[in-house]
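Asker: Sequence:
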Amino acid sequence: MELWPGVWMLLLFLLLLFLLPTLWFCSPSAKYFFKMAFYNGWILFLAVLAIPVCAVRGRNVENMKILRLMLLHIKYLYGIRVEVRGAHHFPPSQPYVVVSNHQSSLDLLGMMEVLPGRCVPIAKRELLWAGSAGLACWLAGVIFIDRKRTGDAISVMSEVAQTLLTQDVRVWVFPEGTRNHNGSMLPFKRGAFHLAVQAQVPIVPIVMSSYQDFYCKKERRFTSGRCQVRVLPPVPTEGLTPDDVPALADRVRHSMLTVFREISTDGRGGGDYLKKPGGVGEPRL
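Take the sequence shown: its position 228, counted from the start at 1, is 228 in UniProt numbering, and no numbers get skipped.
Careful, some of the hints might be misleading.
Subject to a maximum C-alpha distance of 25 Å in a straight line, what follows is the list of computed DSS-like cross-link-like pairs (lysine-lysine) [unchecked claim]:
(1) Lys217 x Lys124
(2) Lys75 x Lys217
(3) Lys75 x Lys31
(4) Lys35 x Lys75
(5) Lys217 x Lys189
(6) Lys75 x Lys65
(7) Lys31 x Lys217
(8) Lys189 x Lys124
(9) Lys218 x Lys75
(10) Lys35 x Lys217
(11) Lys65 x Lys124
(12) Lys31 x Lys218
Hints were generated in silico from the structure; no laboratory data involved.
Produce the entire structure from the sequences given, and follow the hints as far as they go.
Answerer: Below, the structure is given as structure tokens:
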């Protein structure tokens, strides 16, 4: 007896209805993929909702407030508690450059929790083509850089330096340049520090504790947990020249790495780690 297409669809639906809860409760890896798929899908959906609201104002850094408002609730969906300390270190009324460590796409949760007013991230150009999220970011004034074209990146950074001063804008940069899942910090690229020195504005370091107690891409593990976000005192750049940038970058990275180790081992956000001399933490088994 031949079954109608509608019956096949019903059987397939019932099969999925049975398999999905089974995978959720029996397979941590499946739960990891489900959670990450929902995380990315939910952000794309929220971006669709944000686009018409942001479009009223056009491309404007003030639209970042709309994105932040729409994204703040995500941490509750995943049972992640974000604790912010040192927010009083943000300069009250001047441009500056924020530099932060970069661990995964979950950095968005910590960023939205502490993002100061008129502050936009500098992102890789590929994000611009990420569907609704790319368009929403563009409307919010996110600055896109093609990292493969050094000349273009330098030109954009020069324009950003002028924008900082003329439009009272702050920028958020991940100086590691890429996500780092090793429980430490990669060497810093110097673009953010050249930008701060060129504009003669302070650098505000922000450190997010390790996610290793609740999130690990390698182990396909994603549970609830706690993350601490620490805002460090601003680092002045007045009087510094391009020749001072290497030492400045090293000094800021050292202070951030010291705090990262501290807040990732104090039981408040990021597991308990043994630290190697090179700065890479390994889980204590």
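Asker: Against this structure, judge whether each hint is valid.
Answerer: Evaluated hints:
For the suggested pair Lys217 and Lys124, the alpha carbons sit about 21 Å apart, so the restraint of at most 25 Å is met. With a C-alpha separation of about 18 Å, the suggested pairing of Lys75 with Lys217 holds against the 25 Å cut-off. Using a Cα cut-off of 25 Å, the hinted pair Lys75 and Lys31 holds, with the two alpha carbons roughly 17 Å apart. For a cut-off of 25 Å, the pair hint linking Lys35 to Lys75 stands: about 12 Å separates their Cα positions.
Taking the CA atoms of Lys217 and Lys189, the gap is near 24 Å; set against the 25 Å cutoff, the hint holds. This hinted pair checks out: Lys75 and Lys65 have alpha carbons roughly 17 Å apart, not beyond 25 Å. Annotation: proposed proximity of Lys31 to Lys217 holds, straight-line Cα distance about 12 Å (limit 25 Å). Straight-line distance between C-alpha atoms of Lys189 and Lys124 comes to about 14 Å, which keeps the hinted pair within the 25 Å bound.
Taking the CA atoms of Lys218 and Lys75, the gap is about 21 Å. The hint holds against a cut of 25 Å. Proximity of Lys35 to Lys217 is assessed by CA-CA distance (about 12 Å); at most 25 Å being required, the pair is judged to hold. Pair hint Lys65 plus Lys124 holds up; C-alpha atoms about 21 Å apart against a cutoff of 25 Å. Of the pairs offered as hints, the one joining Lys31 and Lys218 holds, with about 14 Å between alpha carbons and a cut-off of 25 Å not exceeded.
Hint check: no violations occur; every hint is consistent with the structure.
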